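Taking the hints into account, I'd like the entire structure generated from these sequences.
Residue-level listing of the chains:
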Amino acid sequence: MSKHIITMIKPNLKRAVQDINCRECATSCQSACKTSCTVGNQSCKNRD
Amino acid sequence: MKSLKNYDFSAHIHLYSWDDLNILLDVNSGAIHLLDGLSNLLFKNIIEHKGYIDRAVAETEKSFSYDDISDALEELSRLQKHGALFSETEIPKVDLLSMKVKAICLNVAHACNMKCEYCFAAQGDFGMKPALMTLETAKQAMDFLLENSGQIKNLEVDFFGGEPLLVADMLKDLVIFCREREKETGKRFNFTLTTNAVLLEDNIIDWVIENDISVILSLDGRKSTNDCCRILNNGEGTYDLIVPRIQKMVARHPISYFTRGTFTQKNIDFSKDLEHLIELGFDCISLEPAVGPDNGYSIQEQDLPRVLDEYERLTEVLLENYIQGKEIEFFHYNLNLQRGACLAKRVTGCGAGIEYLVVTPEGDIYPCHQFVGDLAFYMGDIFHGIKNHQIRQDFANNQLQDKECKECWARYFCGGGCHANTYYQSMDLKKPHQVSCEMHKKRIEGAIYLDLRKQMAGKM
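Listed in order, the protein sequences are those of chains H and R. So the number in this note's numbering is just where the residue sits in the first sequence, counting from 1, plus 207. So the number in this note's numbering is just where the residue sits in the second sequence, counting from 1, plus 156.
One or more hints might be untrue.
Which residues of chain R face chain H? A partial, calculated answer using Cβ under 7 angstroms [unchecked claim]:
| # | residue |
| --- | --- |
| 1 | Asp227 |
| 2 | Arg495 |
| 3 | Arg548 |
| 4 | Asp550 |
Simulated from the structure, these hints should not be mistaken for lab results. Remember, it's a predicted structure, so these values are computed and weren't measured experimentally. Even for Gly, the Cβ is constructed at its ideal location relative to N, Cα and C.
Next comes the structure, spelled out in structure tokens:
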């Protein structure tokens, strides 16, 4: 039981090779932002 | 516990406090932890003492008991074992040059019915001859996209300009054409219309709804803010004209929408613009800084302290609304922390010049909307294909791993940042635009804080 450290977001970036690079998620500039790169905003189509 | 003596803490760990929360981002795994006072101090000491745990413990013992520190160390060790802490970089190899085209920013009008003071597109014509795209050219651009998209199913097309509704009838015919091509190819076009809303009349609203088109509706906030910059060709402000139209559009529940505003040196108190937009009934809002060389509008280094403070106020506004039961989607805070894009996407950034291209009214191709009109970035045209392969190569060689960004904690949120911001600030694609970086980092910190607060409220 954790008393001092609470994990709020689990590890999620290291994925199996077959689960990455499908390029189906949105392109960051096709959005409400055309002045900064927002890859962190995109949802993975394989995890929807 | 695995040795941390050679661990690059500044690149792989981001530890910060926002309000009363101590937040730790484990950069490589994407895990985020909340720390109590003891573990926060312990972490600070581990970082301070460059991974020497015994020294960090001795330092922490000045404030906490050894037994409690020992408990925290055990937790820390467990997290490390499970890949949630002190994780190492594992960058997937991505062959950018074999990548297909997936998105086109279709500049259907290099002309505008407004003349906004801060317009990056030189009042709509991008410093070029004003032009409107014909249906034939637009169809050819869509076929170019289909032919160059390989196996990708979800394609994206942004109707952009200038003001795209100057060619509204053409767009209606184009969407009919694309829906037919979808049936033939099995692909899906996702359309976005970015408009100043001056021509957003009832028949256009009907068309947007009937055709599942996402809309980006330009509005800067308060009347005084909006009308300072967003003016018609006769110099009149647009607020009174566009607000009712945007409200009407939003009331019809488009598949996706954002009101999108720009803040400048003249309204650094942009949290008040956010509040105003919320009062107008909008719940999907984007406010972005004007960036670039100093033109009296774009945010400069000396503006940063006030801008960063303002993001804190904005975060409070979003949290207060949430507590009152009103969920506001603020675009830049819309991070997908648990189910976001894969690392292959994150390390390749926006994909400009490779999977994302812009097509001008004449059918010319540039890497993105920000480079239009700069002949050094002219890539070819949709009729004959890409001619200048060197530009594609230059963008392929300008990814996160090729820049100092690879050592920044924020790298997997911004993917190495905007090529154009970088280039037009320093004339060097590889040198990050520090003002943009500082604002982006603050937004990431604010977004994570807000997400954790919402989780703690137990309502997510």
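Going through the hints against the structure:
1. Asp227: holds (6 angstroms)
2. Arg495: Interface hint status for arginine 495 of chain R: holds (4 angstroms vs cutoff 7 angstroms).
3. Arg548: violated (16 angstroms)
4. Asp550: Check failed: Cβ of aspartate 550 of chain R comes no nearer than 17 angstroms to chain H, outside 7 angstroms.
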